[in-house]
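Whenever a hint applies, use it, and build me the whole structure from the sequences.
Top line first, the protein sequences correspond to chains A and B.
Once you know that position 102 of the first sequence is 124 in the numbering used here, the rest is easy, because the numbers rise by one and skip nothing.
Once you know that position 196 of the second sequence is 176 in the numbering used here, the rest is easy, because the numbers rise by one and skip nothing.
To be clear, the hints were calculated from the coordinates, so they are not data collected in a lab.
With a straight-line Cα cutoff of 30 Å, these simulated DSSO-like cross-link-like pairs (lysine-lysine) come out:
1) A/Lys370 / A/Lys32
2) B/Lys277 / B/Lys149
3) B/Lys277 / A/Lys151
4) B/Lys104 / B/Lys41
5) B/Lys41 / B/Lys127
6) A/Lys172 / B/Lys198
7) A/Lys32 / A/Lys223
8) A/Lys372 / A/Lys223
9) A/Lys325 / B/Lys104
What follows is each chain in one-letter form.
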Amino acid sequence: MIYRETGQFKAHYQDDQALFPIDQDRYVIFGVLFVTFALVPYLLNEYWLNAILLPFLIYSLAALGLNILTGYCGQLSLGTGGFMAVGAFSVYKLMVAFPELGFIPLVLLSGLITAAVGTLFGLPSLRIKGFYLAVATLAAQFFLIWLFNKVGWFFNYSASGMINAPPMTIFGVIVTGPEANGVAKYYLVAGIVAVFALAAKNIARGRIGRNWMAIRDMDIAAELIGVRPLVAKLSAFAVSSFYVGMAGALYFAVWLGSAEPTEAFDINQSFLVLFMIIIGGLGSVLGSFLGAAFLVIMPILLKNIMVDGFGTDSALAAHIEIIVVGVLIIGFLIVEPHGLARLWRIAKEKMRLWPFPY
Amino acid sequence: MNMLDFLFFIEVTLSGLMAGVMYSLVALGFVLIFKASGIFNFAQGVMALFAALTLVGLMEKFGFPIWLAIIGTIAVMIALAWLIERVMLRQLVNQEPIILFMATIGLAYVLEGMGDILWGSDVKVLDLGIPQGAWEWLYDKGVYIEKLEMFAAGTAAIMVAFLAVFFQKTRIGRALRAVADDHQAALSVGISLHTIWVIVWSVAGIVALVAGIMWGSKSGVQFSLSLIALKALPVLILGGFTSVPGAIIGGMIIGVGEKLAEVYVGPFVGGAIENWFAYMLALAFLLFRPQGLFGEKIIERV
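Here's what the structure looks like:
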């Protein structure tokens, strides 16, 4: 009843092609943006900002990136952790070498570097498909982590092999390093994520996105109707890696502050992000956010309930936690294999027709 | 190349072959399940860990003799296969491969947590009286070969022979091949998919037990055992997802390549390259044969 496009007349072609053609969608988006930027930082305390919202936003960005590759272009990748490491280590090297450029340009630059690396590792996708490709992308994961572990140049020969984010400022506000406060970090990350989420939505509905989806649905058929697989697949790898690289850069520089390749970027990161887009919904921008929210918040919630609520000892709680996560994942796949975004779509359809059943 | 270098080369190659067979043991379980149901079962490594944990647990906590413990573990693995089919696979029929793949990762989490809670997460010693140490006959000639690895290779050979007979000669084997060929056609001639899946997962569970025993005897039963799945993946893509001989030969190629690279190239680049070298090697093979060495040719129609 409330969600209905009746009476919204479109007088121009531009209106037809708007990003959110239905008024209610637009209001919701403005509402979400308003809440994100105007209310959240003042309503929630440091703990919420640092421990929940920052990882949620950063993982959303990574999930968006992987969703572009896997959800829109159909190329299954297990190298997300490795590409996040590329972003993290390039932003580290850049922060140390060119601090005068400012933090945001450096994040964008490290995204570009990751895009180049991602394109390189995307080359086999032209010949290899499906699970063969997925396993092949593990080569990227293991090789990159090994590289960052072994080659001292990447971590400036520090004895522990760790990298630490030096403090950097934007308009005089510290955003990285231990002194940065939660609100500043939150604004930075939320701003970047909002801009690039809109960008992703736009890319996905344009010519490039349609090419990707054609390749996803059947690459031979797509090639026959004139989509160039080389361009489409490699551009998907490039754009996806750009997003993932930025996420990695923020993950290291803003959220963790210091990182070590084998722990922070191991293969479980790749799986985690893949879970996010599967649970959220493949080929959906909204799904990336929902999946990230689910998988960031749920473990924290579980841990709090078990350790604080029932007084379970933490080792046992950790074991129960992975069982519960596993069961929930299987359960989700059984109940709604197309993810949370699909549930939202169904809800919208229902609201449109309400009070009639169909 | 003088004699000593040559002997060293032989030793490295042989131990690579043996290590490769150990990878093949895990890859074999993958192949069985992929062939029969098109599921890429990521949980195979954790299944090996779970089987080994159960075996050790039965022997230590309940004091079972070896033979009884092995039978008990096989029973557990069969029960597990039945449970997986009931609770998970049955609900996911006809879903896309990626969904099934993710479900097996979820399964891996569940098994890992269960194994830890049931049997504890400390490192356990698994001693079934499998001979260990150097093989004296070759050691005298200057080549060091683990007896355990020889034993594993022998077991793998027997197992592959057994599986070949099982697939080619028995009624169930024929049904399995029919299912692998075409699910719907198999259903229409009266083969029960559910039964077949239980059987395949049981067989994969038993293969996982063998792999778990070999790896457990070699390096103790601990969490890192489940990571051998990651070692088996390059073997799998090199040999082809659908080929049992491919798993064995792929394992040998990976094993030898990895050992040779580690010994002759590793020192120049800082070592520890075995983590990714296998993947690069498999990738190089894939560029020439995208379906693996022995995989079925992928034919696509528009």
